[in-house]
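S.K.: Residue-level listing of the chains:
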Amino acid sequence: MCYNMPMKLGFSSYTHSILKALVSTLVPRHESFPPVDEDATRYVEKSMKHFPFYLRVSMIFGLYFLQFSPLFLGFYFRPFTKMTPEQKERYIATWAKSRFSLRRDMIRGIRALCMIGAYSNPDILSHIGFTIDEHIRSRA
Amino acid sequence: MMIFTGKEILEDRRENADVCVIGSGAGGAVAAAELSEGGLDVVILEEGGYYTSKDFNTNPSEMLHKLYRDGGASFILGTPGIAFSEGRCVGGSTVVNGGLCWRIPEKVLKRWNWEHGLKDITPSELNPFFEKVEKSINVAPQKPESIAKGDYMFKEAAESLGYKVVNQNRNQKNCVGLNQCILGCPKDRKQSTLITYIPRALEKGAKLFADCRAIKIKKSNGVFTVMAQVLDRETGKPCRKLTVTSKLVVLACGAIQTPVLLLGSRLGNSSGQVGRNFYCHPNVKAIGIFDKDIYYWKGAHQAFKVTEFFDAGLILATGGVHPAIIATSLPCFGRKHLEIMEQYNRMIVAGALIEDTTSGSIVRAPGGTPLMFYNIDKIGFERMRLGVALTSEIMFAAGARKVLLPFLYLNEISSPDEIKKIYNPSIRPKQTESLTVHALGTCRMGADPTLSVVNQWGESHDLKGLFIADASVIPTPIGVNPMLTIMALASRSSQHILDNKRTLSLL
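If you're matching them up, the sequences are chains A and B in order. Note that my numbering gives residue 47 to position 47 of the first sequence, counting from 1, and the numbers run on in steps of one. Note that my numbering gives residue 1127 to position 127 of the second sequence, counting from 1, and the numbers run on in steps of one.
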């Protein structure tokens, strides 16, 4: 039996859908490797389980803000998940370069997690020419 | 060997020992081994899991969660926000660091004497401890054939500019340059405490409890009681209790967790200095992109360091790590991000370690979570600019076509003439990307109990028998990688304990 359990706080299916839309905008794509969205989303969610409570709360709050802020900040008149891929990209670019550090830091944080998930995928690593296992075999 | 992991502890458990060592990294492992070898009965508590080289692989998404706190994604709040990583596994950060071994500079020891009254901690006092530690972890220069090509290019370029470059020593044995230091050396060439001091402690009868997080320390009737939670490795949830009673406690949880544990236990803080004086050696990086393939990740990185600007608070070196780690720091996303990463084999990543000119603090949030705060000051930011400018200069001297910078509104420059843009007054600290893997100073040593937490031996001014043997006792920034200093100070504290068994009620 577990005791003294930390407060449960994870992604609902709605926050998951916002995260998925954000991850799809952030991760790299190319015809030479299959999409890595799933790897990246899984990694963000897995990481969140390890985060302290305040970071988990901040992340969920930030995702909701991202979802609804286009209605009043971006003049897109639709929530983030309903935007076209081009609109999402333009909107995320404004966050990434924002003068408000909280918006910038949120994108920076989630982007960092996404990229770890994405660049752990062997197909994308092979695409950029990172053949670490071969290197280890040749030196060991 | 007595190693117990969380899943092997099936019910609440009590242990009794002479010494309870909390943490198994650079400080804790040294203390545990030397105290065990000195005939004391030792229990080691480690919050992280027990993994060996058989468990290490090249997949960062797996290893970061196994070996690092918060999956390697901790964050220091302030201006600029600083990404922070530290190990959380048996062996602590020594399992995941670059293995760079520097003795503490003499100028820093002078400062310790003048500012903190640590007149006995002199080079001649510390040298025997450094020698002992260096022998134990096999500190040696890197074999030339193991060094990455990018490192040689960086060195030659720095020397062509007239800058002083020195070889770096590492705690390694027959390193062949697999460049997997930060994900755990898969061939046990890096001599982390996981394969050096921890086995020594276990051989002498120490008991190691992995997946056990100390949450409170109490002292009554001359006996310490350490209460710990046994964590489920899969979920991270506490599932059972472990209680250790001991005559002595050695705290070695690192400069972030040690003050949080003390604050939570309401111990050792009559000076009000616990959690203050937080130093973190902020790093800034620059990425050189070249016209030809360099494969800078094929070989050991940081084999050389530019020490020309050490007195100005800067050390420069390359850092050839996994693309997933580099990818986290690029300021773009999507296709543009991939376009940069497609040049990964043509990159050299280098950076500057900044000696702090200000300090931050660690606060214990409700629930025991540490919050780290640090705002860089004007001098520190000028050091950051200088570090980026010098690194860029060296990159261009090495033949870089362009250099990617860590500033939000100045992402790249394409020639040495553009380096002056780094000094544009519109570039502000909050627009700078910074990271660090060093945390120091939050339970500082000193002679004056009103201004420091522990004395020169690492023993609490307030509570006899409570020792601290990690980076938190280091009272000032040291400007170099701190692992060796932490280990030497832990060894010195252990020697003091063994020399004073009677007064510490250990006989």
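A couple of the hints might just be wrong.
Unchecked claim - Covered stretches of chain A, as calculated for chain B (at least 3 residues, CB under 8 Å):
hint: 1; stretch: 26-33
hint: 2; stretch: 68-79
hint: 3; stretch: 88-100
Unchecked claim - Derived lysine to any residue pairs resembling SDA-like cross-links, with alpha carbons at most 25 Å apart:
hint: 4; chain 1: B; residue 1: Lys1237; chain 2: A; residue 2: His50
hint: 5; chain 1: A; residue 1: Lys97; chain 2: B; residue 2: Pro1425
hint: 6; chain 1: B; residue 1: Lys1430; chain 2: A; residue 2: Tyr76
hint: 7; chain 1: A; residue 1: Lys46; chain 2: B; residue 2: Ala1365
hint: 8; chain 1: B; residue 1: Lys1430; chain 2: A; residue 2: Leu73
hint: 9; chain 1: A; residue 1: Lys97; chain 2: B; residue 2: Gly1380
hint: 10; chain 1: B; residue 1: Lys1143; chain 2: A; residue 2: Thr131
hint: 11; chain 1: B; residue 1: Lys1054; chain 2: A; residue 2: Leu73
hint: 12; chain 1: B; residue 1: Lys1292; chain 2: A; residue 2: Lys97
hint: 13; chain 1: B; residue 1: Lys1204; chain 2: B; residue 2: Asp1041
hint: 14; chain 1: B; residue 1: Lys1336; chain 2: A; residue 2: Tyr76
hint: 15; chain 1: B; residue 1: Lys1066; chain 2: A; residue 2: Thr84
hint: 16; chain 1: A; residue 1: Lys97; chain 2: B; residue 2: Lys1054
Just so you know, the hints here were simulated from the structure itself, not pulled from any lab data. Source: prediction; values computed, not measured. Backbone N, C-alpha and C define an ideal beta-carbon position, used for all residues, glycine too.
S.K.: Where does the structure disagree with the numbered hints, that is, which hint numbers, in rising order?
M.R.: Failing hints, ascending: 2, 6, 11, 12, 15 and 16.
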